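Colleague: Heads up: the sequence lines are chains W and H, in that order.
The first sequence begins at 1 in my numbering and counts up one residue at a time.
The second sequence begins at 1 in my numbering and counts up one residue at a time.
By construction, these hints were calculated from the structure, which means they are not laboratory data.
Given the structure is predicted, the values throughout are model-derived calculations rather than measurements.
Heads up, a few of these hints could be off.
[Stated by the list, open to error] Below, in silico cross-link-like pairs of lysine to aspartate or glutamate (DMTMM-like), each with a Cα-Cα straight-line distance of 20 Å or less:
#1 W:K15 / W:D86
#2 H:K103 / W:E85
#3 H:K103 / H:D31
#4 H:K103 / W:E103
#5 W:K44 / W:E85
#6 H:K37 / H:D84
#7 W:K71 / W:D57
#8 W:K44 / W:E103
#9 W:K83 / W:E103
#10 W:K78 / W:E68
#11 W:K44 / H:E111
#12 H:K56 / W:E103
#13 H:K115 / H:E39
#14 W:K44 / H:E39
#15 H:K68 / H:D55
#16 W:K44 / H:D49
#17 W:K44 / W:D56
#18 H:K103 / W:D57
#19 W:K44 / W:E68
#20 H:K68 / H:D31
#21 H:K42 / W:E103
#22 H:K68 / H:D49
#23 H:K37 / W:E103
#24 H:K103 / W:D56
#25 H:K71 / H:D55
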Amino acid sequence: EAGVAQSPRYKIIEKRQSVAFWCNPISGHATLYWYQQILGQGPKLLIQFQNNGVVDDSQLPKDRFSAERLKGVDSTLKIQPAKLEDSAVYLCASSPGYSGTFEQYFGPGTRLTVT
Amino acid sequence: GESVGLHLPTLSVQEGDNSIINCAYSNSASDYFIWYKQESGKGPQFIIDIRSNMDKRQGQRVTVLLNKTVKHLSLQIAATQPGDSAVYFCAENGGPFLNQGGKLIFGQGTELSVKP
Chain W
1 EAGVAQSPRY
11 KIIEKRQSVA
21 FWCNPISGHA
31 TLYWYQQILG
41 QGPKLLIQFQ
51 NNGVVDDSQL
61 PKDRFSAERL
71 KGVDSTLKIQ
81 PAKLEDSAVY
91 LCASSPGYSG
101 TFEQYFGPGT
111 RLTVT
Chain H
1 GESVGLHLPT
11 LSVQEGDNSI
21 INCAYSNSAS
31 DYFIWYKQES
41 GKGPQFIIDI
51 RSNMDKRQGQ
61 RVTVLLNKTV
71 KHLSLQIAAT
81 QPGDSAVYFC
91 AENGGPFLNQ
101 GGKLIFGQGT
111 ELSVKP
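Using the sequences and the accompanying hints, generate a full structural model.
Modeller: Below you can see the structure in the form of C-alpha cells.
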C-alpha cells in the first residue's frame, strides 16, 4: 500500500512569510497527526484529527499555526507568519484509528527553514 | 510533567554485537510504549511496541523490555548491522490506553552508530 505522502519536501522562507504543508494519509486511515521535529529532538504533536474533527490541538500555537482536514482525508498545516524558531521538520502521520494499536505511519516530512 | 527521556544520546557498537538502547519515562499512567527508528531524511519507522501488562516482547532481532517499577524501557537489537544505524525514539501514550486517543509522547532519541 502507498505510504503517507507529504509535500513539499523542503521549503525555505523568510520570517514573517506564510507557508503551507500538505499531507495525504494512508487510504482508509481515520486518524491524522501533525508533528513538529526540531533538530536533535523527538517529534512533538501539534494536532490530531479523527476523520475531519480535531481530537487534540493543545500544543498547536494557534496564533500562527492552523490546520484543517476538511473532507476527512488529506490535510494542510499552515504557518502565518513564520518565526525563526519554526525551523524544523514537519511530520505527518496516520493510523487506522481503531483501538488495539497506537502504531502511527509517518511520512517523510517537510523540512522548513526560516531565515 | 509528561516526558520521555533517554539515558544516552549516542551509542556506537561494532557490527555483529548486540545493542541496548535505554529509555526512562516519567508518567506512571502510561500503559503503552513504542519504539521507532528514524533514518536521516526519513520519517520515523515502527519497530516494536509493548503494553504495560507485559514485561518483554520479541520481534525479529529486536526485544523490548519494560520495567514498570523503575519506569524504564529498553530496546535490544541482536547482531547489529550497518543498516541499523539511525536515531531510535521511544514513545509513551501518557495515560490509560483507551482514554488517550492514540496520542504519543516521544523522547529525545538515541543515535546508534554501527561500525563495520
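Colleague: Taken at face value, is the distance from the CA of D57 (chain W) to the CA of K71 (chain W) at most 20 Å?
Modeller: holds, 18 Å
Colleague: Between the alpha carbons of K44 (chain W) and E111 (chain H), is the straight-line distance 20 Å or under?
Modeller: Within the cut-off at roughly 18 Å; holds.
Colleague: Between the alpha carbons of K103 (chain H) and D31 (chain H), is the straight-line distance 20 Å or under?
Modeller: Distance of about 12 Å is within 20 Å: holds.
Colleague: Hinted pair, alpha-carbon criterion (20 Å max): K37 (chain H), E103 (chain W). Please report holds or violated.
Modeller: holds, 13 Å
Colleague: Could you grab the alpha-carbon distance between K71 (chain H) and D55 (chain H) and see if it respects the 20 Å cut-off?
Modeller: Roughly 11 Å separates the two Cα atoms, so the pair holds.
Colleague: Is it true that the CA of K44 (chain W) sits at most 20 Å from the CA of E68 (chain W)?
Modeller: holds, 18 Å
Colleague: Next pair to validate is K68 (chain H) with D31 (chain H); report whether the Cα-Cα distance is within 20 Å.
Modeller: Holds, because 9 Å separates the two Cα atoms, which is no more than 20 Å.
Colleague: Quickly compare the C-alpha distance for K68 (chain H) and D55 (chain H) to 20 Å and report which way the hint goes.
Modeller: With Cα atoms ~8 Å apart, K68 (chain H) and D55 (chain H) stay inside 20 Å; holds.
Colleague: Are the Cα positions of K103 (chain H) and D57 (chain W) separated by 20 Å at most?
Modeller: holds, 11 Å
Colleague: Checking one constraint from the list: CA of K115 (chain H) to CA of E39 (chain H), max 20 Å. Satisfied?
Modeller: Answer holds: K115 (chain H) to E39 (chain H) is near 16 Å, not above 20 Å.
Colleague: Given the hinted pair K44 (chain W) and E39 (chain H), is their Cα-Cα distance within 20 Å?
Modeller: holds, 17 Å
Colleague: Taking 20 Å as the top limit, are the C-alpha atoms of K78 (chain W) and E68 (chain W) close enough?
Modeller: holds, 9 Å
Checked against the numbered hints above, the structure violates hints 2 and 9; every other hint is satisfied.
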